[in-house]
Structures are given as structure tokens and as C-alpha cells.
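Visitor: Listed in order, the protein sequences are those of chains A and B. Note that my numbering numbers the first sequence so that position 159 is 159, with each residue one more than the last. Note that my numbering numbers the second sequence so that position 88 is 88, with each residue one more than the last.
Hints are all accurate, no fakes.
Using 25 angstroms as the maximum straight-line C-alpha spacing, the simulated BS3-like pairs for lysine-lysine come out as follows: (1) Lys397(B) - Lys83(A); (2) Lys109(B) - Lys76(B); (3) Lys85(A) - Lys217(A); (4) Lys88(A) - Lys394(B); (5) Lys88(A) - Lys397(B); (6) Lys125(B) - Lys85(A).
For the record, the hints were derived by calculation from the structure and aren't laboratory data. It should be emphasised that the depicted structure is a prediction, and the values quoted were computed from it without experimental measurement.
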Amino acid sequence: MIDLENISFDHCIKCTVCTIYCPVARVTHHFPGPKQCGPDTERLRIKNPELLDDSLRYCTNCKRCEIACPSNVKIADIIQSSKWKYFKKKFRIRDYFLSHTDLIGNTAVKYSGIMNFFTALSPVKFFLDQVLLIPSKRIFPKYARGTFRKWFKKFARKKQSAFGTHVVYFHGCFVNYNEHGLGKDLVSVMNAMNIGVTIPRERCCGVPLIANGYIEKARKNARFNINALRKTIEDPGTRIVTTSSSCAFALKYEYANLLEMDNSSIFNNLNYITRYIYDQFQAGNVPPMKPVTIRAAYHSPCHLERMGGVIYTIDVLRRVPGLDLQILHSECCGIAGTYGFKKEYYDVSQKVGSALFKRIEKARPDFVITDCETCKWQIEMSTPYKVLHPVSILARAFEK
Amino acid sequence: MKRIDTEAIVIGGGATGCGILRDLALRGIKAVLIEKNDIASGTTGRNHGLLHSGARYAVNDLESAQECIAENRILKKIARHCIEDTGGLFVTLPDDDPGYHRKLMEHCKYAGIPCEELSVGKALKIEPNLNPNALSALRVPDGTIDPFRLAAANILDAQEHGAKVHTHTFVTAIIQEGGTATGVHCHDTRTREDFEIFGRIIINASGVWGQRICALAGIELRMFPSKGAMVIIDYRLNSVVVNRCRIPSDGDIIVPGDTVSLIGTTSKRIEYSQIEELNVDDGEIEVLLADGEKLIPNLSRTRVLRAYSGVRPLIDVSGDVDGRTISRGIVLIDHAARDGVEGLVTIAGGKLMTYRLMAQMAVDLACKKLDVSRKCSTHREPLPGSELTMLPSKHIKYFTGIPQSVVGSTLYRHGERVRQILSLSKHNYALICECEMVCEGEVEYAIRNLNVKDLVDLRRRTRIGMGPCQGELCSYRAAGLFTRLKVATSDESNGMLIDFLEERWKGMKPILWGDGLREAEFTYWIYQGLFGLGDVAMRGEEGDK
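Given the sequences, and given the hints that come with them, work out the whole structure.
Guide: Shown next, in the form of C-alpha cells:
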């Protein structure tokens, strides 16, 4: 049985360029590549769902295949939806923990000291490895004390009413639970540009839920986010920004294409942050900057590439005086959100990233810059370099 | 000259000829089959693969309907791996006579065809892409059948019971001694060898080409060929057979066949001289797509893969040259009685559905002449591959390590024989055809066991090159395998590759627009631009230039 509304697989002409660009197919023969797992076998699955291959699980959903495709086939979407349409849903406590980031985050920030201490202990790591199948080699991101929202309410919210223009900031789980610094930087950057920040209510954007097959939960979150964000843009000029390229990608594209939700009411108002800053710069809103004297290598995350957002990040960074920026050849870092946290994919994940790690080593930077939080974890774990967000670079330049 | 002695000679490797060979072999009669091209390359391989329940004929042709339902039940037992028991719907659309629905139900009852009335809502649940404006629906036990697989399985069984097969071999003369046909003179087009086969009976099962065979024996038999065109859609639009509930006409059946769907068919009388030039014209395609769209409205948004046509071998038995009394039923002619030529029998007419029955009738007559008393058992004995009901899930476990799509597809095509095809060596399950999941092991099995002489033959046994790319990626890999398995030289492989691409091209030409056109251009670029296939000089060609 087939729903004829979604037949992009039919436009594949087998040029195989997607497989050439697939970072996973390059490192493991267990994944026959996007063409095979997407359009080719979709025809077979329509005939008989039993013809589903386990190899589909190796897809990281990086969407590089979709960028490469000259025929506009939604290859990664086909693979993702096949995963949850046809695989029998097995409950796995690990996948539940990894995907329910806001639920876990809310608890973790209360006991963050203990959490961070324990997850770094080797017996705990051994237990996680053996029982939960989370590889012991993987270093966990640290949890912060309290949430970003609490900080914002306490220290920043009042000041925001002083500004005439406002952006709506979708901060995402990472900023809320792990890296308050990035959220604070965002606020200071916006304020330096004479723009106030408001934060609406939000739930996890759904990227890890989608990856782990919690589709109904993802839809629920999507509905919540769409409604919450829609209310903030009743004044039509209001822009919604995110500092996570994957959150932006989910809100804009995964909601509509994969979850089949109507996000048209927020679609045009929503951007990844560097696009917004780029527009502001273009309009002449460029506050004075001081030189930063940093040699940095820039890594472009897959999901930002898929949105066509990389040029804005680069353009914004190029305006920072003293930033010696080296753009790395576009490679996937391999972590792919929760993928790199799973024992069965850990080696593949590291192999995928190895080309990028080598390039970073070669560039000998002071820092690496990237837009995506999970890329940051992967690079910090696999290379000796610290990773900064473009907004944090700007915050340094704007500091008085 | 080489001489082969046997008991029975079968001319024609269509479903009927293959069925006859098997029936003869199962009754212990030594037999040889001659086919001028490949097994199932004529009319047998050029239909829409519909396993009729008989309902389509119930109103107009009760006898055919009864034959169909009886054979339908038999085939579901003996040819499991060639059949998908999808079920079928007869749908009345707003343009159709609403009375036909009731009439069809009544006639199905006479013919003994189970026929159940469904609400339109229920029909839409079974087939969500159906035209939602349908007025009423009936459910019948239609299904789908793969004619290539069916013919090949009959041959395989016959060969395993001692029969011999010569494909790509023409009959050039019927040898007669004193009014008795005693043998045939043949020419093998591949080895260019001439040889003779002698036997006590010759069964002419060459379908529409039967007129020529009879002419070789000095007998006049008039065929009235009728051309039927079909269109193939890239993937399965429907999961059950969808028929239009009206008096049979053009473009009123959509059949889900393996990984594709087919729209059938037109009907056009053609001159006998045109039976080899089977082109599909724009008008036929237009009719098929327009009428198909009425049944499944989304059809217009899908990609058409190719178009092809076949010739129905309608036969004139009355000597009426106007052809008014032409029957679509089975015609069995004992030329001893009709024309005074002993040792020659012609079986013609009929349908793919009734091939087994036709074989049985012909062999019964042959047995009478040969004084063999063994009864027919083809309605009981399962074909090779169909011995057991195969559950894909069980086999997927059995072959853990091989991708499920490969195991499932191989199992689907070869039934129980999958155990002789797949093995856990990586070479074995390496993919040759990515659209239809044909692996190296399957190609090797087909070349070694299924009378495959070239790439086109291989396609009929394995579905290689029958997916959306129409041979773009698989054909050169498969051509290479012929050389590696040492069944062809590299020159011969090149020749096969060119022939194969030409054959694919022929069916694509009439439908080249949209993504089909883009893909054809891409294929052209690969083969002409990248491989320089147009510049490959074949052996012997050099001197001609």
C-alpha cells in the first residue's frame, strides 16, 4: 500500500551521487548507501514491508545525500520514515534516555554536580557500556547548574524591555541544560546590537526523538512549539532565532517533511541566528567590534549545510576583526546527535569523523568554530581543541 | 548433420510449450523442445500477468470463465512462487452501466466464481488509491502471475525429468515420410549449427507463429493476430488487481506485478505480416493512461517505465476467412484427421491462464497416438520452487547476514530453490541489479540452470534490468559475469550488452518524457559517453566497414 502524496523516490535517476557523498557508506560496508536504502528499496517496501533491511539503521540523517541529489529526492526523509514505519518498535531504556533530552535535562540540572561526577567515573562508564550499550569511550557533555531559563528570568528578562526591537529566542535543550554560556552570549550579542530577547515556552525540538523513533512524542512537541512560537509573532515583523542549527532545521523542515505538521505560520519568521545577524549587518546594524586575535578552523554542520545557512555564518565571522578563519573542507563529524552515543555505531561514528579530525589537526587552530552542539561534543572529544559557537565569537568581539 | 532421436518434439517455448514438455516428461515420454528465441519471449511474456479468476469472461464467455477459475485454483497450489494471491476488485465508475455489476455477480455464480459485494468504503480501505467516486465494488479471487517464472519453472521440472531444450533455434523444415511428419530440421542461431530431430509425434505449440509451422508441413491454418499494448508504472500503485466493472474494453485493468504496476490492455486486429513488428503508438498509450487514471486518479502523477505489446494468437477453425467465428477458446487440431498429415498436432488459442489445461489436452492426444496410458499429473505436482509454502520471515532468519531485501526478493522469484542460490559468501550476495535486488549468486544459478544464453534471457529469469533504471547499472555488471563464469568471451559479452540495451530502449522509446527521459539520457551518457559502447567493434564487423 502506498500513499501517493509522497513519491519523491520516483524521481531518482540512479546517478548515485548521493552514495558518493554519504559519509557513512564511505566507512562501512554495512551501509549500502542512501540510494540503495532510500529510493531503491522504497519500491520493495511498498510491495512488501518484510523486505526492509537492518542496514537502514546506520543512516545518521545528516542529509548530505539530499544536498547532493540533483533530482530533489528526499532520500534521508525516506530512510527516516521507513525506519519508524516498518521497524518493530522495541523499547530500549538507553534510547529513551538519549532522546528525551528535556525530561532528563530537567532532572540532571538539579543534581548536576553528582551527575557530572558519576558519568565520568570509570565503573559507571563500564556499567553504561555493558548494560545500556553506551560506549565507555564517549565523553558526556556536562550538565549545568540550574537552567538557562531560570538564569534569564532572574538576571536578564527585566533589562530586555528597554529595547525597541525584539527577537524570539528558541534556545533548545543544550543551552537550557548544558551550556548557559551560549545563551548568555546570545543575549549579550543581541543587546549589543540594540535588540531585546524574549524566550517563549518551548519543548525539545524533536530531533533526538525522531532519530529514536518516538514520532508521536516528536509530533506532540512540534505542535506545542508551533503554537507557542506562533503566539510570539503576532506582530508580523518578529523574528524567531535559534543558536542550534539542528533545532532550526527541525522547526523549519523536519516538522513539515517528516512529521507532516503544518508549520507555515512560523516558517518565514524563523532562522538560524547567523542569518538573522547577517540581515542586521546588511541593514547597517553593526556595533563596534574589537579585534579577537584568534586563529580558528570553521566546521560546517550537516544540518546547517542542508538549510543553505553556512554562507551566513561565514560572512558574519569574516567581519570579526582579528579572526584568522580557516574554512575546513565540508565533512561530517560523525556524531549525528544520539548516533555516536550508541555502542553499535560508535566505531562508525568515529571513522566518519576521522577525516574531519585530521583536517582540524592540520589546521593547528587555537579554537574550532561550529554551529552545532553535537559537532562540538564530537570534536572536543576527538581532537585536543575547544569548540566555540559563532555567537560566542561575536560576544567576545562586542565585549566592552 | 547432427541427428537427435526422441519420442516427442515440442515446437514453441511459450507457457503452453513449456507446460507440454513438463507434462510429457512427467508421463515418462522422452521429449525435446525447440524455441526460436527464448523461453516466454513471445506472447507468454507479453501480457499483464493477471491470474484471472474468470470474472472478466463470466458475462460473455462462460466456458472460458469456468476454465479460468478451475486453473486459478490449480495454479495457486502448484505454482506458488509464480503467483501472488492479491485478490481483485471489479469497480463500477460513474461512466459505467450500473446494471453490469449485478449481471457480473449473477454470471460469476453460474461459473462458480466466488464474488463478494463490497461497500465502496471497504474497497477504498483495501485499495486506498482507488477512485473515491466509485459507485460499487465486487471482490473476486484474481491474482497475479509471473509468466517468465512460470514458463521457466515448467522447463526446469521437465529438464529434471529428462527432457531436452533448444532455445534460439528455428524450425526450418518439417521432415515428412509418406504423409507422416517424422521430424524437424533446425538451425541454432547462436552456434549457426543445423541439425535434425526425429520423433514419433510433433506438437506445434508455437502460438501465433503456428501458421508458419503448419505451412512448413503444407497445411493451411489461418491465425488472426490481435495486438494488445500495455504500460508499466515504476512501482506498485495498487496492492490488488483492479478491474473496471464493464464489458471488457481497453485500459480497464491495473495489475500489481512484482515491484511494478501494469495497465492493460488494448485490442487491435493486425495483419499476419506484422506480427514481428510490435510497436506501441501514442494513441494506445494515451488510451491506457487516460482510462487507467479513471480507476486510480493518482496514476497521472507517476512515472511510466515502458510500454510494450503482445499478439493474441486467435485462430480460425471453420475456414471462415472473414474471421467472424474466431474463437478465443482452446483449439486442438489433430492434423491426421483434419489434413491427413500423421504425427502432427497443433494446440492454439486459449490463454496464459489455461496453459496447463492446454498442455494436458495436447499431451492426452499425443499419448493416445503413442499408446501411453499414464495419466496427467501436472494439476497435482508442484513446480520446482513451489513444493512448500515459503514464509519470507523464516528464510530471512535462515540467511542471517544477507540483506533481507536480497533474501526476500530471491525467495519471491525462486521459491524453495532459494536454498540452492544463496550462500553466506560475500561474492554470492553482492548486488548486480540494485532496483530488483538480483545478486551474483542468482545470476550464476540462472546461467547454470535455467537455459540462459544471453542478457535478455537473464532478464526473464531474474528481473535484471526491469526496474526504474532499465539496465543502467546492472547490465554491464551482468555482462561481465558471463565472461567471468566462462560462458561467453568478452566480445560476446559486449554483443549481449548492446543487444540488451537495444531491447530495453525499444520499450522505453514510446514513453520518454519526465523522469523517464532524464534517466534514459543518463543511461545514454554512461554507455555512449563513458564506456564508448557505440564504438565497440564486434568480431567480424571490422571487415564490413
